[in-house]
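Chain A is fixed; fit chain B onto it per the hints.
Residue numbers (full-length UniProt numbering), protein chains in the order written: chain A, 1 to 388; chain B, 1 to 314.
Calculated from the structure, these hints are not laboratory results.
Cβ coordinates follow ideal geometry from the N, Cα and C atoms, glycine included.
Take these hints with a grain of salt, some might be off.
[Unchecked claim] Restraint-style ranges between C-beta atoms, simulated for each label pair:
| no. | chain 1 | residue 1 | chain 2 | residue 2 | range |
| --- | --- | --- | --- | --- | --- |
| 1 | B | G24 | A | E221 | 53 to 61 angstroms |
| 2 | A | L302 | B | E295 | 23 to 31 angstroms |
| 3 | B | S239 | A | G223 | 42 to 50 angstroms |
| 4 | B | Q137 | A | M47 | 24 to 32 angstroms |
| 5 | A | A370 | B | K36 | 33 to 41 angstroms |
| 6 | B | G24 | A | I297 | 19 to 27 angstroms |
| 7 | A | D38 | B | S32 | 44 to 52 angstroms |
| 8 | A | L263 | B | Q137 | 24 to 32 angstroms |
| 9 | B | E136 | A | L270 | 44 to 52 angstroms |
| 10 | A | V338 | B | N47 | 44 to 52 angstroms |
| 11 | B | H185 | A | D38 | 51 to 59 angstroms |
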Amino acid sequence: MSATEMTNQDRGASERPFGFWRRSYAMLVKEFIQLRRDRVSFAMIVMIPVMQLLLFGYAINTTPRHLPTAVLIQEDSDLARSVLKALENTRYFRFTREVHSVAEFDDLLQSGKVLFGVEIPRGFERAVRRGDRPALLVAADATDPVAAGSALGALGAVVQTALAHDLHIGDPPQLPFEIRAHARYNPAAESRLNIVPGLVGTILTMTMLIFTALSVTREIERGTMESLLSMPIKPVEVMFGKIIPYVIVGFIQASLIVSIGVLLFGVPILGSVVLLAVLTTLFITTNLSIGYTFSTIVQNQLQAMQMSMMFFLPSILLSGFMFPFAGMPVWAQYLGEVLPLTHYIRIVRAIMLKGAAPSNLQYDTIALIALMLVAMTIAVTRFRRTLD
Amino acid sequence: MSLTPASASDIAINVEGLSKSFGGREVVHDLSMQVKRGSIYGFLGPNGSGKTTTIRMLCGLLTPDAGEGTCLGYDIRRDADKIKRQVGYMTQRFSLYQDLSVRENLEFVARLYGLRDARGAARDMIQRIGLNGREEQLAGELSGGWKQRLALGACTLPNPQLLLLDEPTAGVDPKARRDFWNEIHALAAEGLTVLVSTHYMDEAERCHEIAYIAYGHLLAHGTVDEVIAKSALSTYTVSGDDLNGLAAELTGKPGIDMVAPFGTSLHVSGRDKSALEATIAPYRNTRGWRWEDSEPSLEDVFIDLMNRSKDNFQ
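Just chain A, same shape as in the assembly (with noise of 0.2 angstroms):
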């Protein structure tokens, strides 16, 4: 062919509309070949989350303290102060919330302000002392077993103890009334109940920082930016074109991991499918703007990855993943707080297990959203649009 039958139309290649959509769009589409053909990653979206998952066959056992409680009190009486008062001296417990209706009571539970609720029914004193033994309801949200479990176990014994030092009533057989124990959305204390929505997110957490924190380092190492910064394409539109095809992908493994949750740990899902793919989808983007924000500070892959690790494994530890994250000092559960993994397992375990409505989880979604805000504005702006 000769060079003059190249046409003219196109000469300068004038600026048409929609030219954010176009650019990002032409940008996915390199990203998901690119993907498809990369053999070792494509195999890691499908081998991470069935190895893990099949590996992780047992929680990590703990005596967290200091539990949040809330206390539903319908009789205010020595008695029912002295009860409190030795709950709380078993230092498993801490009140932070004193309500007034059942409705408050359930609700503190569900959206997981509190993991203890200690009610007092009417007329306690009264029936203790007519020897009526009547019941004091402990209900602990079992959602994670391990924090709620040991607080469980040790409360006949505990209370008795306290409780007859308090009343100078000797050390009776047997306590004037019945503690009686709820354990609930996981009453059976199955730890697979909390570590199968918990892993959902750790296994995204994991892939979908490295998958993003490589991509700006790769196209540097391989060459490829100094040609796709002479193109017409903005910091933006790079991203988004970088991070849409990994948002299809984890929404896979997602689905993968649930998929076997319920079907081979028999895991429950209580709540809304769509609430919970909607806020899945929100996490997992929120990752991949983090991973590539590091790919934007960081100066080779390595850095890449080393980077994604000093993410990943406190996203592990402070989350609430492996350790209650009310059993952690005030100071590590701020730093919780910064986490998207922290909030994640918060929905994704109300979500399951509890079957928790959109209203219950308002806060852990803004953050997520928050998160993912601050993360995308830092990589705008680090985004090096010259090689200088």
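Okay, now just chain B, sitting in the frame of chain A:
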């Protein structure tokens, strides 16, 4: 610089006083150049002379430390986005996606530039660069010559007005090099401006104008004939036996600036013609050597410029 796109119709690149340093080392120093529209401008100089840096400053990939200018009438500092839309930049190292096929690479570029029919544009370009039958081959699996054709195809695909080619023919066989240059001339004939950096003298001679840059300084520019004439270099071509011995004897003598073997002959050059002639006089009628007063070749001129610049800048 106050050239507007309209008034700059006959000048594609017009820059003045460009300087760029990396880590305290000045790579480009006070470089000024003008490139006419529709011409092929050769950019010559040794490795590390600042050619790539200059090209990157022209297309907005690097910000100059000092200096200003326009590229296609757009300010190289402020209008990088507009320049990128109209300039095709072919990097020294192959920088398309190795794990994308020929077709996918071209479609990616076509989409990025917003061509109306990305698939069609890619298909036409594959025909044009003669890669039909290899559309689905991964770019990374192509041979050097094919890679170079693909890279040229990718940067001409959005129909730019200016091509910046950074050592496009390095490591490419002579036949592919010739085809490549024929294509460049064809593009220039259509009105495209081409700035091409190269090490090859035969390629320099195929350019309308050339510039020679060494150690970041622009040392000479003009047509090939002008550059040779301006060099004020006198060259004698010697033929005969034992030219190696002659070369050894002459090197370093007064008036002799350069002795270089060319096949079966020897080029003896000097900037001071009378000193040169005085030195070679004793050798002129001995041992069967034939001396011929000749024009210096472009290579002689460049080697001399480089030797001189080494004295000045290092």
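Checked hints:
1. G24/B - E221/A: 53 to 61 angstroms: violated, 25 angstroms
2. L302/A - E295/B: 23 to 31 angstroms: Since L302/A and E295/B have Cβ atoms about 55 angstroms apart, the given range 23 to 31 angstroms is violated.
3. S239/B - G223/A: 42 to 50 angstroms: holds, 46 angstroms
4. Q137/B - M47/A: 24 to 32 angstroms: holds, 29 angstroms
5. A370/A - K36/B: 33 to 41 angstroms: Violated - the Cβ-Cβ distance for A370/A and K36/B, about 55 angstroms, lies outside 33 to 41 angstroms.
6. G24/B - I297/A: 19 to 27 angstroms: At roughly 25 angstroms between Cβ atoms, I297/A and G24/B fall inside 19 to 27 angstroms, so the hint holds.
7. D38/A - S32/B: 44 to 52 angstroms: Given range 44 to 52 angstroms: holds, Cβ gap about 46 angstroms.
8. L263/A - Q137/B: 24 to 32 angstroms: This hint is violated: roughly 42 angstroms between Cβ atoms.
9. E136/B - L270/A: 44 to 52 angstroms: Check passed, 49 angstroms falls within 44 to 52 angstroms.
10. V338/A - N47/B: 44 to 52 angstroms: holds, 49 angstroms
11. H185/B - D38/A: 51 to 59 angstroms: The hint (51 to 59 angstroms, Cβ to Cβ) is violated, given that H185/B and D38/A are roughly 40 angstroms apart.
When the structure is compared with the earlier hints, violations turn up for hints 1, 2, 5, 8 and 11 and for no others.
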